[in-house]
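Asks: The primary structure of each chain is shown beneath.
There are 2 protein chains.
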Amino acid sequence: MISIVILGSGNVARHLFDVFLNRNGIDILQVWGRNAAHLSYFKDRAVTNGDCSELLEADLYIIAVSDDAIPEIARTLVNKKGLVVHTSGSVPLNALDSNNRRGVFYPLQTFSKGIKVNFKTVPICIEAETEEDRDLLHRLAGYVSDNVRETSSEQRRFLHIAAVFVNNFTNHLFQIGNEICGEHDLAFDILLPLVRETVRKLDYLNPLDAQTGPARRGDRKTMENHLHQLDNKIYKDIYALLSKSISEKYGQKL
Amino acid sequence: MISIVILGSGNVARHLFDVFLNRNGIDILQVWGRNAAHLSYFKDRAVTNGDCSELLEADLYIIAVSDDAIPEIARTLVNKKGLVVHTSGSVPLNALDSNNRRGVFYPLQTFSKGIKVNFKTVPICIEAETEEDRDLLHRLAGYVSDNVRETSSEQRRFLHIAAVFVNNFTNHLFQIGNEICGEHDLAFDILLPLVRETVRKLDYLNPLDAQTGPARRGDRKTMENHLHQLDNKIYKDIYALLSKSISEKYGQKL
Chain A
15 MISIVILGSG NVARHLFDVF LNRNGIDILQ VWGRNAAHLS YFKDRAVTNG
65 DCSELLEADL YIIAVSDDAI PEIARTLVNK KGLVVHTSGS VPLNALDSNN
115 RRGVFYPLQT FSKGIKVNFK TVPICIEAET EEDRDLLHRL AGYVSDNVRE
165 TSSEQRRFLH IAAVFVNNFT NHLFQIGNEI CGEHDLAFDI LLPLVRETVR
215 KLDYLNPLDA QTGPARRGDR KTMENHLHQL DNKIYKDIYA LLSKSISEKY
265 GQKL
Chain B
15 MISIVILGSG NVARHLFDVF LNRNGIDILQ VWGRNAAHLS YFKDRAVTNG
65 DCSELLEADL YIIAVSDDAI PEIARTLVNK KGLVVHTSGS VPLNALDSNN
115 RRGVFYPLQT FSKGIKVNFK TVPICIEAET EEDRDLLHRL AGYVSDNVRE
165 TSSEQRRFLH IAAVFVNNFT NHLFQIGNEI CGEHDLAFDI LLPLVRETVR
215 KLDYLNPLDA QTGPARRGDR KTMENHLHQL DNKIYKDIYA LLSKSISEKY
265 GQKL
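Line order of the protein sequences matches chains A and B.
Each number in my numbering corresponds to the 1-based position in the first sequence with 14 added.
Each number in my numbering corresponds to the 1-based position in the second sequence with 14 added.
Take every hint as true, because none was put in to throw you off.
Derived list of chain B stretches under chain A, where covered just means 3 residues or more per stretch with a C-beta under 8 Å from a C-beta of chain A:
{"id": "1", "segment": "188-195"}
{"id": "2", "segment": "228-240"}
Just a few of them, taken from the derived set where beta-carbon distance is under 7 Å, the chain B residues facing chain A:
{"id": "3", "residue": "104"}
{"id": "4", "residue": "136"}
{"id": "5", "residue": "169"}
{"id": "6", "residue": "175"}
{"id": "7", "residue": "176"}
{"id": "8", "residue": "177"}
{"id": "9", "residue": "180"}
{"id": "10", "residue": "183"}
{"id": "11", "residue": "207"}
{"id": "12", "residue": "218"}
{"id": "13", "residue": "221"}
{"id": "14", "residue": "225"}
{"id": "15", "residue": "252"}
{"id": "16", "residue": "260"}
Because the hints were derived from the structure by calculation, they are not lab data.
No residue lacks a Cβ here, since even glycine has one placed at the ideal position from N, Cα and C.
Take these sequences, add in the hints, and give me the full structure.
Replies: See the structure below:
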């Protein structure tokens with residue numbers, strides 16, 4: 015049985031709580047947070063106070079707070095014997111206090127309030143300083159996911175950048191499509207089959223081979239027409255820059 | 015029974031051929047193309063010669079060639095009584111010859127060689143100049159898709175631009191993620207659950223509400239770190255521009 019204390023009450027803390035709760039082999043002792051209003055989510059596991067002095071001894075302390083707050087929260091745990099991990103993509107392991115056993119438990123996924131995630135497929139990127147701690151994290155991650163990977167702080171940092179491109183920026187492109195549709199009396203859902211196919215293709219092709227479109231073909235006329243028709247300045251800039259990047263990638267001259 | 019001649023032998027022609035072939039209510043009379051090598055795909059329906067003089071009388075002529083070639087191919091059909099349509103997103107209906115009955119049959123999807131598409135969900139955007147011709151296109155589209163929409167040339171032009179954003183540009187962002195992974199000894203498939211979730215979210219949220227990430231939060235520190243870590247100049251520019259666009263959209267000051 016792995017005993018756990020979760021520190022944090024935001025999206026990641028909630029999703030971890032939901033997936034760990036009532037799972038054989040995992041015992042959530044407490045969820046600590048500053049914001050009493052957020053803590054109602056965690057019912058009888060919730061603890062709130064300023065100095066974490068009520069925290070029980072646990073095998074594992076999972077810090078699931080904003081990146082900036084990690085070092086401060088970590089310092090309150092210096093006297094704990096359990097392994098202390100954070101859940102951030104961009105924060106190195108050594109942002110945690112060196113008096114603790116330290117590790118990282120980074121679920122590479124986007125978590126939204128109220129949208130349930132199938133953890134079985136979520137890559138859990140783990141890192142620790144000893145074999146024993148790695149084993150503990152492997153065991154915990156293995157309870158909830160079939161996709162556990164050891165990654166260094168350096169790899170995780172770049173994974174997080176890649177995630178910004180394929181998730182945050184991709185969603186913004188969807189939003190641009192959404193706006194263009196709205197301006198021309200078209201419902202956004204007309205684009206969804208195309209969006210789904212764009213992703214489904216990755217089951218068969220790597221993205222380098224899957225690339226299509228005017229920039230890939232070096233079809234200057236279509237690109238000029240599109241640029242001419244876009245009236246939002248920054249969307250025009252995005253169109254031009256992404257087209258340039260694709261063209262250069264495939265050796266097309268614009 | 016709707017009798018059809020397809021003009022063209024590329025991806026779109028092949029996918030239409032596959033979905034129309036042996037479908038009750040549709041009879042493919044011929045597939046015409048210039049490139050004899052490509053025509054083997056269409057077996058006994060294939061015709062090739064320079065002037066289209068061997069083309070049979072049909073209810074419908076579907077021109078599925080590159081945008082630039084549409085007017086020229088259309089001119090060879092001026093003496094035909096059947097409805098002449100093209101399949102392009104960006105070409106207006108009136109690029110076809112005004113001596114013909116004219117229309118558009120635009121499947122809003124990305125077609126790759128050898129990857130079968132489920133046409134049932136593909137939006138087919140149709141346009142015609144008479145009620146009778148619209149009915150014919152509705153009937154044909156309805157045989158293969160549950161998602162038929164009448165769209166004007168103007169709407170279709172903007173749909174095509176939106177499609178470039180949500181398909182071509184999105185795929186390029188996947189490629190950037192792919193490269194970042196490759197440079198740090200990580201397999202691209204580690205990003206796939208995140209990519210799939212980014213799209214699955216659109217079943218619950220519109221992209222405006224689904225936006226997350228450093229730019230959405232106005233988290234300058236993370237963005238500066240990421241920019242610092244990217245060494246590819248153009249990917250740096252893409253990161254900066256998309257972050258700026260997201261920040262402006264959500265009223266965050268960078």
